[in-house]
Structure formats: structure tokens, C-alpha cells
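Peer 1: Fit chain B to the given chain A structure using the hints.
Heads up: the sequence lines are chains A and B, in that order. Start counting the first sequence at 1; every next residue gets the next number (our numbering). Start counting the second sequence at 251; every next residue gets the next number (our numbering).
Hint data in this document are derived by calculation from the structure and do not stem from the laboratory. Glycine residues also receive a C-beta, built at the ideal position from the N, C-alpha and C atoms. Do not take every clue at face value.
[What the hints assert, rightly or not] Using 30 Å as the maximum straight-line C-alpha spacing, the simulated DSS-like pairs for lysine-lysine come out as follows:
1) B:LYS323 - B:LYS403
2) A:LYS73 - B:LYS437
3) B:LYS403 - B:LYS437
4) A:LYS73 - B:LYS323
5) B:LYS376 - A:LYS73
6) B:LYS437 - B:LYS323
7) B:LYS376 - B:LYS437
[Said to hold, decoys possible] Just so you have them, the derived chain A footprint on chain B, three or more residues with Cβ under 8 Å:
8) 308-314
9) 317-326
10) 355-363
11) 366-379
12) 431-445
Given next are the chains, with one letter for each unit.
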Amino acid sequence: MAAHSTPQRKTMLAGYRPADPGTQPDYLYPPYSSTVKRSPSQPLVRLPWSLSEVTGPLFGVDRIMANDFDLTKQHAGDPIGERIVVSGRVLDANARPVANTLVEIWQANAAGRYPHPRDNHNAPADPNFTGCGRTLTDTDGRYRFVTIRPGEYPWRNHYNAWRPAHIHFSLFGPALATRLVTQMYFPGDPLLEYDPMYTSIPDERARGRLVSAFDWETTIPEQALGYRFDIVLRGRDGTPMENDVAKART
Amino acid sequence: MSAAGTRQRERPMNAAGSEGAGDRMQLATTSSQTVGPYLHIGLTWLVTDDLVGPGTSGEPVIIEGRITDADGKPVDDALIEIWQANAHGRYDHPDDTRDLPVEPGFKGFGRVPTDADGAFRLRTIKPGAVPAADASMQAPHINVTIFMRGMLKQLATRIYFPDETANATDPVLCSVRAERRDTLIAKPIGNRALQWNVVLQGAGETVFFEY
Chain A
1 MAAHSTPQRK
11 TMLAGYRPAD
21 PGTQPDYLYP
31 PYSSTVKRSP
41 SQPLVRLPWS
51 LSEVTGPLFG
61 VDRIMANDFD
71 LTKQHAGDPI
81 GERIVVSGRV
91 LDANARPVAN
101 TLVEIWQANA
111 AGRYPHPRDN
121 HNAPADPNFT
131 GCGRTLTDTD
141 GRYRFVTIRP
151 GEYPWRNHYN
161 AWRPAHIHFS
171 LFGPALATRL
181 VTQMYFPGDP
191 LLEYDPMYTS
201 IPDERARGRL
211 VSAFDWETTI
221 PEQALGYRFD
231 IVLRGRDGTP
241 MENDVAKART
Chain B
251 MSAAGTRQRE
261 RPMNAAGSEG
271 AGDRMQLATT
281 SSQTVGPYLH
291 IGLTWLVTDD
301 LVGPGTSGEP
311 VIIEGRITDA
321 DGKPVDDALI
331 EIWQANAHGR
341 YDHPDDTRDL
351 PVEPGFKGFG
361 RVPTDADGAF
371 RLRTIKPGAV
381 PAADASMQAP
391 HINVTIFMRG
401 MLKQLATRIY
411 FPDETANATD
421 PVLCSVRAER
431 RDTLIAKPIG
441 NRALQWNVVL
451 QGAGETVFFE
461 Y
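Excised from the complex, chain A in its bound form (with noise of 0.2 Å):
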């Protein structure tokens, strides 16, 4: 082999895909007043696909508890409120469900307060409820949590701001480019159209696909109504190739 043919190995990574236009918020919305002095204002930076952006923590079901899928069975009493079932799939952009990744959530009681410091609402609290829960999807991305329908609560944003009922959501996904935080409704609320979270996503559709949907089959009969929500992670570009930067093979 000729010394200046050295075969060179080059990796092109297969990176991920932008999220659709119109699907994300910007980091500056000011009707949300928190953005105005916590948004970035030079533009970012974009960074070429390498191993660091296609990588990614990886959870396994030794991180699980029993009952952390069962917001309900987490004290030594029942919660107040209406027993719910959410549930649904994790699938990516390709629509491949998204298996054995960690879905993290969190919520209000069914007054609408936190267990937390911060929270200084005037409304019960409740102390057979935590609003924390956790579990992985099976391989066909599915995930499933029993909980209480939170309350809405008011908030310091504007004058009478009220958050719609919301459940938290934390997912990972294969990859740091995965990687998702965001937020479940509930059908009808009317306080959707006031809440500047929710506008904060510019396109109509994609802010629609963030209110879960009344599911009969996931019903417990005489228990629990259920509530779907479906969650796509940014799926994958192409399928990643080898090539030879130095193709001379003598």
C-alpha cells in the first residue's frame, strides 16, 4: 500500500432532523414575562452531528419503583380527586416507537398546588399525593401512569393568569438530540387560549397535539377515565454511512 494512500476512516454520522417549523417556541415570547431577561440573544451556534449529539443517557428499569407509575398508591391513603389513566406511545419522527426510554412526570393536586416551597397558593394541599412519577416504554414505546386529574392554579404572569390543568413531561430518547420537555392538556380546557405557554408554540396544529384525548379503551370501568397523549421525538436522518475518505486501496 502506497504511503499516501493511507486509508483515512471517515464516520458521517447520521444526525437527527429538525423539529417541523412552527412545532417549537422560541426562547423569547415576552407574553410569557420570564423569557424577556432569560433568553439568550446572540443567535446559536450550530454544531456539526459527532458522537456527542447522537448520544445520550441510557436509564434502565433497575431507576424503577413499583408503584412510580401509580401516582395514587404512593402514600398510605387515596389522593383527592379524579382517578385518570394516561397513556400512550413514544415514537419518532420516522414513526418508530421509541422503547425502553425514561418518561419522567409531574403535576398539581387536584387543587391545583404543589408540595413545594415555591408554591404559595391558597389551596390544600394534600398529603397522600406527590405528583412525581417515572417509568420506561415497552419495546413498542408504550407507557401508561395512573394518576389524579390535576387543578388548574393561578400564577403572577399577567393580571388573572390561570395555567390550564397540565401534566409535566421529561423524556429522553436515544440521543441528546432527543431529548424533550413539555407539558400535557386536557380536552376543552378553556384556559388554553389564555396561557402563554401554550401560544408560546406558533403553529395551531402542533399546539393541538399537546392536548391529550379522551380514550375509552384505556377507561377503567367504575375507576378511572383515560387520557391519551402520544409524544414524537425528533427522529433519525437517513441511515449512517462509512465511506473512505482515501479510496486508493492498492
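Peer 2: Relative to chain A, chain B alone:
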């Protein structure tokens, strides 16, 4: 329910599908929303402020810093996550197929909330170099993701190490304007500790990435 009804459910109820190139269905990505002020309820169970488990190669290093807003006020309700390779430059992930050792005591993931002063502190090791998009190597770095109230989608940035000759040729550092590059490089403060602050907006604003 009928079998047909079940099959229909394979298409997400609240996810818009559109037919993409070829026969593969493509779905619109779910929108990001803020973690809000009560992130601790859902996310602090997984706090990992010391990444260095038994048998980890490399010198432990403390990385500490503060997050401040446009007025220089501390951000006391943020969450920092880090992701990094081990001392051999290997990510603990199946897509890193290079023949380098994985260490069971070092997963490479850290998560820590900021305190009342906007401060955070992590104990980890300096990672080895990892490949860049081309055949060259990147300087050792830690990938950082930041969440907070008032931030509708996460921020991405990196921590680089001081006194690292590879910084001069790192393709990411080199793609950043010289006068802003220092925001990505931690500063030694003695006792194997490094300081790396995050300025969200204004003078000395940290460089943030998209990918």
C-alpha cells in the same frame, strides 16, 4: 373494539402524520414546553452530582458555577444536565462502537438543580477526546443541557477544559467567534476545581448551540 379500530390506533391520536419521502410515514415532532418552577418535584429523584463511581479512570475534577440572567440575577430554579465520554473518550452508548473501554462505574450522566444563589456543583472526570464530524478529534468537552422556568425549550452548550492544547484546533470552538470562545472554557480555581458560569443574556453571554 373492532380489530379495525385497534389498527387505526397505531397512528397516534394526537400526532399529525404526513407522508414523507418514499413509503415511510413521518410525524411532526412534539412541541417543547418549560419545566416551570416546580421541576424539582419530578426531576430531583435522579440528581447525580457525583459521576465518579468505583473504578473510574481519570482525575476527579469539581466543576462549579452559577447561572445568571440578563440583570445578573441568579437563576435559582434551573436544572443542569451533563453528558460526557469517560477518560478513554468512550461514550457509554451503543452508537459509540469504537474499541475503547466502557467503565461500569462511570455512566457519563449528571443532573443537578441550581440553589438559591443560582449555583451548581458537579464532580466528574475530564473526558478523553472524541471524534469530530470529520476525521479529526474534538478537544475534551462536556455536553450541557439547561432547563429552567422562563425557558420554553432547553439550552445546549459545552464545557471545555483550560490548558488544553487541543482547544486550539477543536472544530466547535473554532466555529465560535474568538471573543465569545472563553464562555465555553472553564477556569481553574485551585484544588482541582474549575469554575464555569452561564450568562443567559447580555454582556459575556454564554455561547449556546443548536443541533
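Peer 1: All hints, please: hold or fail.
Peer 2: To see whether the hints hold, each was checked on the structure:
Between LYS323 of chain B and LYS403 of chain B, the direct Cα distance comes to roughly 20 Å. Compliance with the 30 Å bound is thereby established for this hinted pair. For the given pair, LYS73 of chain A sits about 47 Å from LYS437 of chain B by alpha-carbon distance, which is inconsistent with the 30 Å threshold. Taking the CA atoms of LYS403 of chain B and LYS437 of chain B, the gap is near 28 Å; set against the 30 Å cutoff, the hint holds. The suggested pairing of LYS73 of chain A with LYS323 of chain B is violated, with an alpha-carbon distance near 40 Å, which exceeds 30 Å.
At most 30 Å may separate the alpha-carbon atoms for a hinted pair to count; LYS376 of chain B and LYS73 of chain A exceed this at roughly 42 Å. Distance check on the hinted pair: LYS437 of chain B and LYS323 of chain B sit about 21 Å apart at the alpha-carbon level, within 30 Å; holds. With a C-alpha separation of about 14 Å, the suggested pair LYS376 of chain B and LYS437 of chain B falls inside the 30 Å cut-off, and the hint holds. Counting residues of the region 308-314 of chain B whose beta-carbon sits less than 8 Å from any beta-carbon of chain A gives 0, not enough to reach three: the coverage restraint is violated.
Remark: the region 317-326 of chain B is confirmed as covered by chain A, as 5 of its residues place a Cβ nearer than 8 Å to a Cβ of that chain, reaching the required three. Note: the region 355-363 of chain B has 3 residues with beta-carbon separation from chain A under 8 Å; the three-residue rule is met and the coverage holds. Note: the region 366-379 of chain B has 0 residues with beta-carbon separation from chain A under 8 Å; the three-residue rule is not met and the coverage is violated. Interface restraint, the region 431-445 of chain B with chain A: violated (0 residues with C-beta to C-beta distance below 8 Å; minimum three).
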